[in-house]
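**Q** Please put together the full structure from these sequences, using the hints given.
Here the protein sequences line up with chains A and B, keeping their order. For the first sequence, this note's numbering assigns the number 674 to the last residue and increments by one with no breaks. For the second sequence, this note's numbering assigns the number 674 to the last residue and increments by one with no breaks.
For the record, the hints were derived by calculation from the structure and aren't laboratory data. Worth double-checking, as some hints may not be accurate.
The list cannot tell twin chains apart, which means a pair is met if one copy fits it or any two copies do.
To be verified - Within a straight-line C-alpha distance of at most 30 Å, the following computed DSBU-like cross-link-like pairs (lysine-lysine) qualify:
no., residue 1, residue 2
1, 369, 401
2, 508, 603
3, 312, 415
4, 508, 292
5, 635, 671
6, 292, 458
7, 292, 415
8, 671, 618
9, 635, 415
10, 458, 415
11, 292, 622
12, 458, 369
13, 338, 603
14, 635, 580
15, 628, 312
Number of protein chains: 2
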Amino acid sequence: MKIFEFAVPTKVYFGAGEVSKVEEHASSLGKKALLLAAKDTMRQLGFLDKVKGLLEKSGVEVVVSDDVSPNPRDVDIDRQAQLFLDEKCDFTVGLGGGSAMDTAKAVAFLAAQGGGTIRKYLAGGDNAGLENVKDAFPIMVITTTAGTGSEGTPWWVITNTENHEKPGTGNDSTVAKIAIVDPELMLTIPPSVTRGTGIDVLFHAMEAYIANIATPFTDLLAKEAIKLVLENLDTAINEGSNLEARSQMAWANTLAGIAIGEGTSGTVGIHAMGHSIGGQTDAPHGMTMASVALPYMRKTWSADTARYAEVTRMLGFGDESKSEAELAEYSAVALEKTLEKYGVNIKMRDLGVKEEMIEPMTDSVFKTMAGPLSCSLMELNREDIVALYKEAL
Amino acid sequence: MKIFEFAVPTKVYFGAGEVSKVEEHASSLGKKALLLAAKDTMRQLGFLDKVKGLLEKSGVEVVVSDDVSPNPRDVDIDRQAQLFLDEKCDFTVGLGGGSAMDTAKAVAFLAAQGGGTIRKYLAGGDNAGLENVKDAFPIMVITTTAGTGSEGTPWWVITNTENHEKPGTGNDSTVAKIAIVDPELMLTIPPSVTRGTGIDVLFHAMEAYIANIATPFTDLLAKEAIKLVLENLDTAINEGSNLEARSQMAWANTLAGIAIGEGTSGTVGIHAMGHSIGGQTDAPHGMTMASVALPYMRKTWSADTARYAEVTRMLGFGDESKSEAELAEYSAVALEKTLEKYGVNIKMRDLGVKEEMIEPMTDSVFKTMAGPLSCSLMELNREDIVALYKEAL
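**A** In structure tokens:
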């Protein structure tokens, strides 16, 4: 079993105040940067000016594009990649949550191909396999949320506006060369976002553990991430300025990101189904997982009772008077109770999903998320996915 | 804080039967390999023929040099690097324990410099800083012991026959491109070697935890490695053919190796002092650590009571009626009791060290092991080291 593969040089800086490392390291990536920042918030919070200043202090010229929206669209990437080329930038800097980081990756990749449309490289596109592509320009990411784990993975999730799909794409060259995880940038995240991203971390870690490509290495990271989420998410939601809780959530997020990241484990059917909801509705990523997770667990627990029983234990419901099979079957209930603890009890219809969307969403699962789906411990066919979506509606 | 940096592409394969991966991946490193194997044992156990066969099946031509002795010497590296060049090899394969893996690294490095003597690049040599050197040829390592962690680090430890020093050297290019950790190759390790290498794993993990460059990432790996050693070393020693115990020890070793490996944590004064014993006496690596560790712990525990108290807890002596300072101070006793559990109760004189060797050993600590020494949580000067050696004699 390949325990892990770190395919590219990558440095991760973690800790309060680490954003200052931008000044020290940015110039190693080039002379001119395209700074891609989440819309409005980064400017309002002063993070945009702070990072721009640090980049300039390191002698890097900065072009700012602070118009990254949640669930970035292909057309945005195309435009920003052209800007990168017109301005003759050397590298991208993603400042924000998953959307900004994924944008920085996709723009660095598309610009390296000389621009055009990113759709060509998304699932279903002419070159979805990324055959014979050039390596992306260097990427730096600065995460301001404890969710998505994008700082630890090669993946970028871009919405295809032609077919409303939301595939994850990436190769070795789209791993950030430098990733900065600074919990001080997370102290002002509103509770709803802390909750949604925190739940996303929980799913990354739990899915990495119930993936058929899990290894002892990813298990170690996933278990630690789940433990940290359970210990700290509640405080991070209700006491946003608690630096310790923010730090632990940020670290849990990075661990989970590495667990599902390059050459290690991956997500499973939960993410495959959740992403396809995201493509249709623009619902928050974490909530889309929450809406499909319980049917998924109820359906799949028997595929590996040892691992699902361990999920129940990790979530704090390890009643050892129960048999392993009983504990495994209970994993869906354990997850439901865990989500309810954070006020998350959600059905797909709450996210704006209508019954008629189930067919296209199912198409999307097999067309754009076949990879994660194939990491599930139980093989799921089209009928299974339709049934799970109906149950989750 | 830099959590981690993986500076080179590296793949680690772990698990029973994984040695078969040699056939699948060897050809990605080149057409002709210099197979450097531990003397006698690899041939006797049939591992040499097995690996040679797998290399040839993958289409790789093989030159065999199965004369690697414990604590490899500069003169051996010089000779083997010349053989590599004369035979126009493309990469090295190290088959055995730390000595064979370190030899594979040093030979791949020296050959890339065009041969000559490896002493030039060892501490105190003309180019000990490895300034402007060429990258090493690709390296594959196949570890047959659960100790040294060499498969996870860039370090190679070569004995300098001119000054009897035993420095650790290495750069990003001397991390193995492919590392194979197959516990099935460890089932016949004699108890004494299992004990010595297992103790080495314990020290790598514990030192990584009490290093001043420890991170949450290395802490996670180190704690897991210590837990696995305590759970499995006894069985591995007394029931060598127990594959589960061998697998867990092998995994603990790899985790500890990564923890002290590239860009993560490192070892401390214990390894600095132990290596310098090894240079003088040829004593087994693990035992040299054991002989100096207790004085080191007694001397340094007050430098970070939280971490040393945690060491005591990790070793299973966490009496919570004690204060943190008391637990920290107890860490030396906890380690002593732990070592005794494995029948290890050793003084330097048992390893052949004489009082007159303390001065040259101390010189060697500062000349060749200043790096690990500087990772200690307490700053130790020359007088401190002399005193610790005298206490350990």
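**Q** For residue 292 vs residue 622, is the C-alpha pair at or below 30 Å within one copy, between two copies, both, or neither?
**A** neither (35 Å within a copy, 40 Å between copies)
**Q** Given identical chains, is residue 671 near residue 618, meaning Cα to Cα at most 30 Å, within a copy, between copies, both, or neither?
**A** within (21 Å within a copy, 60 Å between copies)
**Q** Give the relationship of residue 628 and residue 312 under a CA distance limit of 30 Å: within one copy only, between copies only, both, or neither.
**A** neither (48 Å within a copy, 57 Å between copies)
**Q** Is it within, between, both or neither when you check residue 338 against residue 603 at 30 Å Cα-Cα?
**A** neither (60 Å within a copy, 50 Å between copies)
**Q** When no copy is specified for residue 508 and residue 603, does a C-alpha distance of 30 Å or less occur within a copy, between copies, both, or neither?
**A** both (22 Å within a copy, 26 Å between copies)
**Q** What label fits residue 292 with residue 458 when the C-alpha limit is 30 Å: within, between, both, or neither?
**A** Result: close both inside a copy and across copies, 6 Å intra and 18 Å inter.
**Q** For residue 635 and residue 671, with the copy left unspecified, which applies at a CA distance of at most 30 Å: within, between, both, or neither?
**A** Cα proximity of residue 635 and residue 671: one copy only (10 Å, versus 78 Å across).
**Q** Is the C-alpha distance from residue 508 to residue 292 at most 30 Å within one copy, between copies, in both cases, or in neither?
**A** both (24 Å within a copy, 28 Å between copies)
**Q** Between residue 458 and residue 415, at a C-alpha cutoff of 30 Å, which is it: within one copy, between copies, both, or neither?
**A** both (16 Å within a copy, 23 Å between copies)
**Q** For the identical chains here, do residue 635 and residue 415 meet the 30 Å Cα criterion within one copy, between copies, both, or neither?
**A** neither (40 Å within a copy, 61 Å between copies)
**Q** Between residue 458 and residue 369, at a C-alpha cutoff of 30 Å, which is it: within one copy, between copies, both, or neither?
**A** Close inside one copy (19 Å), not across copies (34 Å); limit 30 Å.
**Q** State whether the alpha carbon distance between residue 369 and residue 401 is at most 30 Å within one copy, between copies, both, or neither.
**A** This pair counts as within: shortest intra-copy Cα distance 22 Å, inter-copy 44 Å.
Of the numbered hints listed earlier, those contradicted by the structure are 9, 11, 13 and 15.
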